[in-house]
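When you get a sec, could you build the whole thing from the sequences and use the hints?
Chains as they are written, first to last, in our numbering: chain A, 802 to 1152; chain B, 802 to 1152.
Treat the hints loosely; a few may be bogus.
With a straight-line Cα cutoff of 30 Å, these simulated DSS-like cross-link-like pairs (lysine-lysine) come out [what the hints assert, rightly or not]:
no. : chain 1 : residue 1 : chain 2 : residue 2
1   : B       : 1083      : B       : 959
2   : B       : 959       : A       : 956
3   : A       : 984       : A       : 1083
4   : A       : 959       : B       : 1056
5   : A       : 956       : A       : 1025
6   : A       : 1056      : B       : 1067
7   : B       : 1083      : A       : 1093
8   : A       : 1093      : A       : 956
9   : A       : 1083      : B       : 1093
10  : A       : 1056      : B       : 1080
11  : A       : 956       : B       : 1056
12  : A       : 827       : A       : 1137
13  : A       : 1080      : B       : 1067
14  : A       : 1025      : B       : 1083
15  : A       : 1067      : B       : 1033
16  : A       : 925       : A       : 959
17  : B       : 959       : A       : 1044
18  : B       : 1116      : B       : 928
19  : B       : 1083      : B       : 1025
20  : A       : 1093      : B       : 959
Hints are computed from structural coordinates only; laboratory data are not their basis.
Small disclaimer: the values here were computed from a predicted structure and weren't measured.
Protein chains: 2
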Amino acid sequence: MRLAVGAAFRAMSAVQGRPRGLVYEKHGEPAQVLQLKDINLPEMGASGVHVRMLAAPVNPSDINMIQGSYAVLPDLPAVGGNEGVGLVVQIGSNVTSLKPGDLVIPADAGLGTWQTEAVFGEEKLLKMPPDIPLMCAATLSVNPCTAFRMLSDFKTLKPGDSVIQNAANSGVGQAVIQIAAAKGLKTINVVRDRPNLQELVDRLKSLGADHVLTEEALRKPEVKDLFQEIPKPLLALNGVGGKSATEMLRLLQHKGTMVTYGGMSKQPVTVPVSALIFKDVKLCGFWMTQWKRDNAQNKEELNGMITDLCTLIRKGQLTAPACQEVPLVDYQLALKASMAPYVSAKQILLM
Amino acid sequence: MRLAVGAAFRAMSAVQGRPRGLVYEKHGEPAQVLQLKDINLPEMGASGVHVRMLAAPVNPSDINMIQGSYAVLPDLPAVGGNEGVGLVVQIGSNVTSLKPGDLVIPADAGLGTWQTEAVFGEEKLLKMPPDIPLMCAATLSVNPCTAFRMLSDFKTLKPGDSVIQNAANSGVGQAVIQIAAAKGLKTINVVRDRPNLQELVDRLKSLGADHVLTEEALRKPEVKDLFQEIPKPLLALNGVGGKSATEMLRLLQHKGTMVTYGGMSKQPVTVPVSALIFKDVKLCGFWMTQWKRDNAQNKEELNGMITDLCTLIRKGQLTAPACQEVPLVDYQLALKASMAPYVSAKQILLM
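Here it is in structure tokens:
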């Protein structure tokens, strides 16, 4: 789905009646606590921006935030969703960086993107170039940014170096494969075994994955054969935790680093003392929300990253994840699909 | 025990007969595989240094090396011991940095210090100032150096900042307490509960420990009361692993670092994923042997550290750990004591 600004404006004509949003008044299971209802927009004021939301994905962290198990929680009642793309409808008199017709994405978490219209502060928005496909824009601000930073900020990697990651089929994982390939890095991608494994392997390879293997294969001694072709990884990206993380540590190069950005197994990371002392591996974490806050005063880094990612998108080196577009009214279907195992497609709410 | 050079020379007159050393021909339990026997010294050559060993401690890593479970192992047969102090007797014609009468300590691990005499390469030795007490010199090159580097290389700490460590009664632990106190840092020191706990608490406090508590107390909610007096630690030093390490992680400040240098519990370090992602803690390891190898070409850093540590010793801010001096012939007693639980005194073999 690709909307030029003109088409996006025409889409706006479909907006009828009052703004609506997916609101929760208490934490709990999203299917139970979320309700689609009319919302009152705040006054726009001099520095506000009135945005018509176009599309917003359902990410695992959105679910955790509604469940109340996330590290930052909004004041309640709140609108769900942390990512998405919208169109600027109107701007306050002090707003200088945006104008009506601009495509925008959130510059911070917690804005509440699952609503048809919203008023955000200018500083909470980033302008997107108009030629970026809408699904790319809607899914850019969390996962590709996380992948970009993890591949840039922890190790100096040169073409030919290798990176290992688990959860390779996640939104972050797919972005890691593509950004790494664009940098000339080799990727070793770990996925859970599943029906139609070969289909997934083929899809990840078509994105640029060099090696795709299951958690079980990762534990076998033959995994070492890989390292006749490529060097041992200097960087491991961990979205799973538990045994999967420990196995990746085992394959890391001397002085390698493992960056943890997720814990889908709900298991902690267990690190042999010898890996720390004698192999000199480092463990750290990455959280895009924190990075954005740490860089909130000076948006140069953030804008530079968005520019670089848009360049990759234009070259066809970074695509949106497989998306399932779901009208906002059918949000229950989207929630259900986003929480089902082995569903590769990202659920995108269309406003 | 303090020996000036003159006294040390006189001590040499006690050397009689052939050089002897504690030799092992295969890995195993030290009490079984070590034998005190005559050894043949290699030719001194132009760059060799003939050393009369004076005193050498029994460290946990010496035991592990003999057991065969250490990360680096010498060719067999080998002489045990990695640390100690000796007196230069004779030098090769190309040796410029040392002269007969100099006190020396090892600049690298694996030299084999449990022998009455030895020939080492000049580059393997560091000159010690003659006014440093012998027990300080004998125990300087591993534990105080480890403590010094861990307090310097991982976090920028300013007076008033706090550091938490377990194994606070170990050789490294006691050095951490003293070096941290000299830097104006506050220390939280975790020890295992034991008979005569108060005696240990008093001793560590006399070294400069601000707070001493047991593993059990560390797990209680009241531990938080500490942080009304001092800030949460930015740095945790882990010589134990297992639950003890996890508890220290829990108390670390946001963006704090835990450095692992030992694993006395023989348990891995378990890290909650949330600590990595949301608290942004880092985990890394430190191994003095590796540091010395990384800095082998340029001894400036190493010599600078030794100079700084000697300054602390002269000011009375760094003392040798409680030592039990044991004649070399009674090495079986020293081995037994060094492996017994709750023995605080370091066993020092006198040659």
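Hint check results:
Taken as a hint, the residue 1083 of chain B and residue 959 of chain B pair is honoured in the structure, with Cα atoms around 19 Å apart against an allowance of 30 Å. Restraint check: the Cα-Cα separation between residue 959 of chain B and residue 956 of chain A comes to about 28 Å, which is no more than 30 Å; the hinted pair holds. The hinted pair formed by residue 984 of chain A and residue 1083 of chain A meets the criterion: a straight-line CA distance of about 23 Å does not exceed 30 Å. Taken as a hint, the residue 959 of chain A and residue 1056 of chain B pair is honoured in the structure, with Cα atoms around 28 Å apart against an allowance of 30 Å.
For the hint linking residue 956 of chain A to residue 1025 of chain A, the alpha-carbon distance of about 22 Å falls within 30 Å, and the restraint holds. Under the criterion of a C-alpha separation no larger than 30 Å, the hint pairing residue 1056 of chain A with residue 1067 of chain B is consistent with the structure, at around 22 Å. With a CA separation close to 19 Å, the supplied pair residue 1083 of chain B and residue 1093 of chain A stays within the 30 Å bound. For the hint pairing residue 1093 of chain A with residue 956 of chain A, the CA-to-CA distance comes to about 20 Å; that is within 30 Å, so the pair holds.
A threshold of 30 Å between alpha carbons decides the hint, and for residue 1083 of chain A with residue 1093 of chain B the separation of about 19 Å falls inside it, so the pair holds. With a C-alpha separation of about 23 Å, the suggested pairing of residue 1056 of chain A with residue 1080 of chain B holds against the 30 Å cut-off. For the given pair, residue 956 of chain A sits about 18 Å from residue 1056 of chain B by alpha-carbon distance, which is consistent with the 30 Å threshold. A C-alpha spacing of about 19 Å is found between residue 827 of chain A and residue 1137 of chain A, which places the hinted pair at or below 30 Å, so the restraint holds.
Proposed proximity of residue 1080 of chain A and residue 1067 of chain B is supported: the alpha carbons are some 17 Å apart, at most 30 Å. Our distance criterion of 30 Å between C-alpha atoms is met by residue 1025 of chain A and residue 1083 of chain B, whose separation comes to about 28 Å. For a cut-off of 30 Å, the pair hint linking residue 1067 of chain A to residue 1033 of chain B stands: about 27 Å separates their Cα positions. Pair hint residue 925 of chain A plus residue 959 of chain A does not hold up; C-alpha atoms about 34 Å apart against a cutoff of 30 Å.
Taken as a hint, the residue 959 of chain B and residue 1044 of chain A pair is broken in the structure, with Cα atoms around 38 Å apart against an allowance of 30 Å. Proposed proximity of residue 1116 of chain B and residue 928 of chain B is supported: the alpha carbons are some 20 Å apart, at most 30 Å. Between residue 1083 of chain B and residue 1025 of chain B the CA atoms are separated by roughly 21 Å; this keeps the pair inside 30 Å, and the hint holds. For the hint pairing residue 1093 of chain A with residue 959 of chain B, the CA-to-CA distance comes to about 28 Å; that is within 30 Å, so the pair holds.
When the structure is compared with the earlier hints, violations turn up for hints 16 and 17 and for no others.
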